[in-house]
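Visitor: Okay, here's what each chain looks like letter by letter:
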Amino acid sequence: MSKGRIRTTAGAGILVLLAGCNPEQSAFAPAGVEAERINVLFWVMTIAGGFILVGVLVLSAVAIYGGETLRSQLSNERFITGAGIVFPAVVLSMLLVYGFVVLGAGAGTPPSPDGIRIAIKGEQWWWRLTYVDADGNSFESANELHVPVGQPIYLELTTADVLHSFWAPRLAGKLDMIPGRTNILTLTATEEGVSRGQCAEYCGGAHALMSFHVVAQTQEDFQAWVAKESGPAVKNENGRAARGRQLFLNAGCGGCHTIRGTRAAGAIGPDLTHVGGRHSLAAATLSNNAQAFAAWISNNQHIKPENKMPPYNIFTRPELEDLALYLESLK
Amino acid sequence: MTRQYPAELPNKGPRPEEELEELKRIWATPKGFKLLTVVNNTVVGTIYIGAAFLFFVLAGILALLMRTQLAVADNNFLSQDLYNQIFTVHGTTMMFLFAVPIVEALGVMLLPQMLAARDLPFPRLSAFAMWAYIIGGLVFFSTIFYDMAPKGGWFMYPPLTLTEYSPGNNADFWLLGIGFIEISAIAGAIEIIVGVLRTRPPGMTLAKMPIFAWAMLIFAAMIVFAFPAVILATMLLELERSFGWPFFTAALGGDALLWQHLFWFFGHPEVYIIFLPAAGLVSMMIPTMAQTPLIGYRLIVVALIATGFFSFGLWVHHMFTTGIPGLSLAFFSAASMAVAIPSGIQVFSWIATIAAGKRPFRINVPSLFILGFLFIFVLGGLTGVMVAVVPFDFQAHDTYFIVAHLHYVLVGGMVFPLFATFYYWAPMVSRKMLSERLGRWAFWLMFIGFNTAFFPMHITGLAGMPRRVWTYSGYLGWDLLNSISTAGAFIMATGVLIFIIDLIRNFRLGGGGPENPWNAGTLEFLPTDVYSTRSVPHVTSREPLWDQPDLAQQVREGLHYLPNAPTGRRETIITSVIEAKPQYLMQMAGSSWTHVAAAVFTAGCFLLLTIKAVAIALISGVLAIVSFIVWAWQLDRPDQGEVDIGGGIRLPTYMTGPSSHSWWAMVIVMLVAASLFISYIFSYLYLWIVSPEVWAPAGSPALPPLTYPVNSAILLVFGSVLVYWAGKRLPPAGRLDLHLPLLTPALLMLAAAFLAGSVGVEVLGHLRMGLDPSANSYSAMVYMGSFLTGQAAFATIILCAFACGRLVSKRLDQKRSVTFDNAALLYWYTAGQGMCGLVLIHGFPRVIG
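As they're listed, the protein sequences go chains A and B.
According to the numbering used here, the first sequence holds residues 1 to 331 in order.
According to the numbering used here, the second sequence holds residues 332 to 1180 in order.
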C-alpha cells in the first residue's frame, strides 16, 4: 500500500468531513487568542505526528519486505536506541518547551481594575452568569456569555452542585467547575460573532443538553448590552403579554425565577428578566420564540429529561400562548 | 548461551509406565458437575478467558447500542437515562470486567506453561478469584436490564455519585463490581508474582525468562501498588454514601478532587497494567513469526520496568483541566511525554526483530493482528503525546478526541494483541487450530471497522462534541462524522462475530492438537497433558526449543526433572528467585469445593450488602470466612522428607521462612496493605491542605489526652512481644506424644485480644471527646484510620485463632510452622501500621496546632 496516498487521503478526509460541520462550536475555527494558539499547536503536532506515523510504517514495511542491506540497518540495538530513545527524547523535549510557551502565554496580565468581572456558576443543567462592574453593581443572566472583543476576560468558574466544565471551543480550552473552588479561565475574543459552548464534564442526567452561547461584540455594543441587560424588564402593556405577565406571577413562576421590575424574585432557576433577548432557551436546547416557550412550559421533561423544572399543564391553550408571548417579549 | 547441562541430564530412560498413569490420576480434571471444583490452570484459564471474553462481547453490544443512538442527530433510539447507564456500564465492564481479568486469565493460562511448572503456586486462589469475578461480574452487568445500573461514568466522580445526586442503589452496584475486580486482581497479583519468581524451571535465570513473564511480573507489581489507591477510594465513597462520612463534600471540608487523585493514581497505571502484558505477548509472538530471537531483550525489560515506574507519575494528566497550578501541570506533562520513550523502545525492537528474521516474514493471522496493533498503537501513542501537551489538552479533554485516543491505545494496545494471542496460543489447549481463512476475515473487518469507527472521532471531538452526550443537535452538523463511526463500529462487530464463528467451528478443548505449529522457541509449546509437561526441563537459554532440538522428546519421555509424583500428590518445583536453582518441592492443593463456596459466599455478602439486606449479608460473610478456614485447613501438608527429582537432585518437601512460597505471598499481602495505608496517609494530608480549618484542635474537638494513644501503643507493643514469645514456644517437631501445648495458644489469643483492645482504645478516645465521624472531613479521616487498622486486625485475629486451632490439633510445630509464621508476620505488620496511624492521628494535629 502507498503510504503517501494514505496521508493525502487522510488530510483531505479531515477537510471533507469538517465541511459538513457547523463551525459554531468547533476548535478548528478559533475566534479567540487562546483557541488560536492551541489550533496552531494542534496542526504542528498533527503534521509532525503524521510524519512519524508514516516513518514507522515505512520502517515496518522495510523490515518485512526490504532487501538484505536495508534490513541489516534495522536489525540491531543501535537502531533501537536511535529510533526508540534518542529520536523521541529530542522531539519530545522540543514539544515540551513549545507546550510550555503556549501554556505560559495563556497566563496573561492581571485583570484591569476598571474591567467587568464575570462569574459563571454551573448548575444541573444550566449556567448562571453574574456580571459585576467596577462599582460593585451586579446583575444576573443565564446561558449566554457576552464579551467585548479584544479584551482579556477573566471568568470565575464555580459550581452549585456537581462537577461541570466550561468549554467555549472557539475561544479557549475548557476549565472545570469544582465544589469549594473558584477556577479562573482567561479568554480573549478576536472577532465579533456568536459561537456556542457546552458542558464538557459529565454532570449526570441532561449533561448532553447543557450548552450556551457566547456573544463577542465591540466594546460599544458590549457597553450598550450591559446597560440594557442590567436594567429591569421591559414594561409590556400589550393586552396578551400583560395577561401573560399576570399568569406568570399568579401561577407562582416567581418562586423560582426572577424578572426584575416585577415581584418575581425566585433564585432557583435562571433569571428571566431579558430571556426573550437571548439566542436560545433551556441552555441552548431550543431556539428562542413563543412556540418554544410554550413547548418548554408544558413539555419540558420530554424536551430535556430530568431538568429541575416541573412541567406545567395547568394552563389552557390560550393562556399558554399569552404566557409564551410575554416571555418572548422580555427582550 | 550453550551453557552445559548438569551432567546427569537427561536421565536414563525409559521411565516406568506407572509413573505416567499416576501423574494422570493425580492431575485429572474433575468430570461433570465436579468440574466446578477444578483448579488445573489450563481449565481455569480457559473458563476465565471465556468469561472475560463474554464481558467483552456484552460491553461491545452496549457500544453498538450507543453508536446506533448517535448515528444521527436528535435521535430517540435510547432514552437519556438508559444511555447514561449504558456508557457507564460499557466503560466499567471493558476496563474492570474484561481488560484486567483477561490479562490475569492469560497469566493463569500461559505462565505455568511458559515456565514448565505443574501449576501456579496457589491454584485454588486463581480459581477463587475467577469464581468471585464471574458471579460479581454477571450480577453487576445484569443491572442494566432492570434500570439499576450505575450512571456516573466509569470513573464515578463525586459529588455526582454521592447519595444527594445519585440516590438509589445504582452507584453501589458500581462499587460492588469494582470490589470484585479488586479482590481478584490482588489475588491474581500474588499468584503471578510468586509464580514468576519461584516456579521457574531450573536454570531459567531472570535473564532467560520469557518477556511475557517479565511483563506479568511488572503487571502484578503495579497492581500491588496501584489497586490499593482505588480500594481506598471506593471504601471512602461507600462510607460517605452509607454513613455520611464527608470525604468528598466540600462544604464539610472534603474535596471532590481527592477522588480524582486516588482514582487516577490507580487509573493511569491501570492503562499500563492492561498494555504491558499485551506488549509482552507481542514480544513473544514476533520472534516466532520471524524465527529469530528478540532483538533488544534487555532494552525491552528495561522499557517494561520504566513504563511501570513512570506510570505512577502521570495520573494528574487526567486532571489538567481541574485548575491545578502551572508547575504541577509542567511536571506531569513532562512525565506523560517521557512514558512515550519506553513504548518507542518496544516498537522499534519489534521492527528490528522482524528485520532480523528469516525470510519471508510469515504473514498469518497472528502477525496480521500484530501489524494492525502496531499501526493503531503508534497512532494512539502519538495522540497520547498530543494530549500530554497541556494547552492542547484544554481543548481535547473530555471530548470525542479523547474517546478516539483511549480506544486507539486500549483496543490497539490490548485487543488486537489479544486476538493475535487467541490464534497463536489456541493450539496449546485446543485439538484443532483456528481457521486461517476466517481469521483473516476477522482481522480485516476488525481493522477496517476499528479505524472507520474511531479515526473520525478525533475530528468530531475538536469540532466540539463532548464525550458522554446521549444526543446532539442536528444544527451542529456532527451527523456525517457520527454516521461513519457507527458504520465502522458495526463492521468491527462483524469481525468479532466471525471470530466467534471460528471459535464455535474449530475450538475444541483438549490435547492432541498440532505440536508447536509455529515452531516457537519457548516452553509452552512443549508436549503437555493435564499434569503440564511430563518432566520439567533444565533451561539453558531463552529459546530452549530452538537451542535444544531433542528437548521436546526428552521432556515427553520424562528424562528431565520430576518425571513422576514422588509425594504421591500434586507438587511443583520451587526455585530460587534470581538463579532459578531448585530449592524444594512444593506440595499443592487440588480440586475442592472450599474455594468455590468462599467465592459464592463472598459474592453473596457483597451483593446483599449492596441491596441493604444486612442480616443475610452478614450470614453470607460468616459462611465465606468458614469456607476460607476450611480451605486453608487442608493446606500446609506435613513434611514428606527429601525426594529425588532426577538429575541427581534431592529436594526437601517442606520449607519455612524467606525461602518458602507462603512467606512471599504474605509479604505481598503486607505490601498491598501498606500501599493502602499510604494512600490513606496521603488522603489525610491532602484534605488537611485543602481544608485546614476543620482540623483539630481549632476546627474540631480536641484530641484525646495522650494516655489514650500511649495505652493503645503499649497494647500493640506487648501484643507483638507475645507473638514473638509464642514463636519461641512452639512445640518441637515430631513429638506427638506431648500433651496439649496450652501456653502458646493462650499467648496468641492474648496477643489477638491486645490488638482488638488497641483499636478499641483508639476509637473510644475520640468518641469520649465527642468527635462525630460525619461532622467534617477531619473527623471522618480520624475514624478511617481506625477503620483500616481494625480491618487488618480482624484478619490478623482470624489468622491467630486459626494458628491456635492448628496448634491444638497438633498440626503446627517448630518445623511445620508456616501457619504461625503467616499469623506472626501479619500481626507485626498490623501493629506497625497501627503505630503509624497513632503517630499521624495524635501527632500531626499537635505539631501543626
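The hints are simulated quantities; they were obtained by calculation from the structure and are not laboratory data.
Each residue gets a CB set at the ideal place from its N, CA and C atoms; glycine is no exception.
Mixed in with the good hints there might be a few duds.
Quick look at which bits of chain A chain B covers, simulated, 3 or more residues with Cβ under 8 Å [unchecked claim]:
1. 48-60
2. 170-181
3. 202-209
4. 213-221
5. 288-299
Visitor: Hint by hint, say whether it matches the structure.
Guide: Verification of the supplied hints:
With 7 residues having a Cβ less than 8 Å from any Cβ of chain B, the region 48-60 of chain A passes the three-residue criterion, so the hint holds. Check result for the region 170-181 of chain A against chain B: holds, 9 residues qualifying (beta carbon to beta carbon below 8 Å, three or more required). With a threshold of 8 Å between beta carbons, the proposed coverage of the region 202-209 of chain A by chain B holds, since 8 of its residues qualify and at least three are required. Closer than 8 Å: that is the beta-carbon criterion, and the region 213-221 of chain A has 0 residues meeting it against chain B, so the requirement of 3 is violated.
Evaluation of the coverage hint for the region 288-299 of chain A: breached, as 0 residues show C-beta separations to chain B shorter than 8 Å, against a requirement of three.
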